[in-house]
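This is what each chain is made of:
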Amino acid sequence: ETGVTQTPRHLVMGMTNKKSLKCEQHLGHNAMYWYKQSAKKPLELMFVYNFKEQTENNSVPSRFSPECPNSSHLFLHLHTLQPEDSALYLCASSQDPALGSGANVLTFGAGSRLTVL
Amino acid sequence: LAKTTQPISMDSYEGQEVNITCSHNNIATNDYITWYQQFPSQGPRFIIQGYKTKVTNEVASLFIPADRKSSTLSLPRVSLSDTAVYYCLVGPPGTYKYIFGTGTRLKVLA
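Line by line, the protein sequences give chains A and B. Under the working numbering, the first residue of the first sequence carries the number 1, and numbering increases by one thereafter. Under the working numbering, the first residue of the second sequence carries the number 118, and numbering increases by one thereafter.
Hints were generated in silico from the structure; no laboratory data involved.
Far from chain B, some chain A residues (derived; all Cβ distances over 12 Å): (1) 17; (2) 18; (3) 28; (4) 63; (5) 64; (6) 69; (7) 75; (8) 77; (9) 80; (10) 85; (11) 117.
25 Å max Cα-Cα, derived DSS-like pairs, lysine-lysine: (12) B/169 with B/120; (13) B/214 with A/41; (14) B/214 with A/36; (15) A/22 with B/214; (16) A/41 with B/120; (17) B/224 with A/40.
Over 10 Å on every C-beta distance to chain B, these chain A residues come out as not near it, computed from the model: (18) 11; (19) 19; (20) 24; (21) 27; (22) 38; (23) 51; (24) 52; (25) 59; (26) 60; (27) 62; (28) 66; (29) 70; (30) 84; (31) 86.
For glycine and all other residues, C-beta sits at the position ideal for the given N, C-alpha and C.
Taking the hints into account, I'd like the entire structure generated from these sequences.
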């Protein structure tokens with residue numbers, strides 16, 4: 001399988017549940033990203049990992065907990081979410097931004113549509 | 118990172134050429150311009166990237182004037198399947214923080 005794969009594609013959870021989103025990339029990239037896209041809003045960068053180390057945390061509430069066990073896998077652990085957290089969560093990967101010429105090019109997955117009841 | 122401004126929406130007809138302009142007045146010397154396409158309920162997809170003058174690939178062309186304060190994405194002979202949101206991003210090599218704006222919602226009509 002190639003590209004960036006996100007599971008599950010759809011998730012419905014209650015505010016007291018704990019769930020996780022999974023992202024896997026088969027592109028040999030070193031950087032991985034979580035973005036949030038709410039209805040009618042631009043994509044919001046949440047977290048960035050490069051070589052498994054977190055390099056960006058864009059003031060994300062602690063009820064979202066990322067985990068990057070290796071350069072190919074990225075998780076977003078969810079607990080005690082609010083209805084306003086309902087959104088499309090997008091994972092992306094890229095080469096190490098410090099390498100190569102040109103600006104960073106992101107490859108996105110299809111997203112996980114989250115609904116919090 | 119330089120802020121970008123794009124039209125919120127555009128309509129076109131099948132077979133026409135579509136030009137979407139992005140304004141980035143505060144672009145820095147080492148910034149590149151990158152365009153993405155997003156279909157509903159999918160992640161954005163890279164279309165094209167450039168630094169100056171003109172870049173062309175199998176999907177689109179990117180025109181960048183000498184002052185680099187704007188750029189134009191050109192889609193030749195659009196079809197219904199080109200209906201999507203198009204984002205213009207500006208940033209330097211080495212950054213992780215690419216900011217997506219509201220993009221341009223292109224609707225292609227039959």
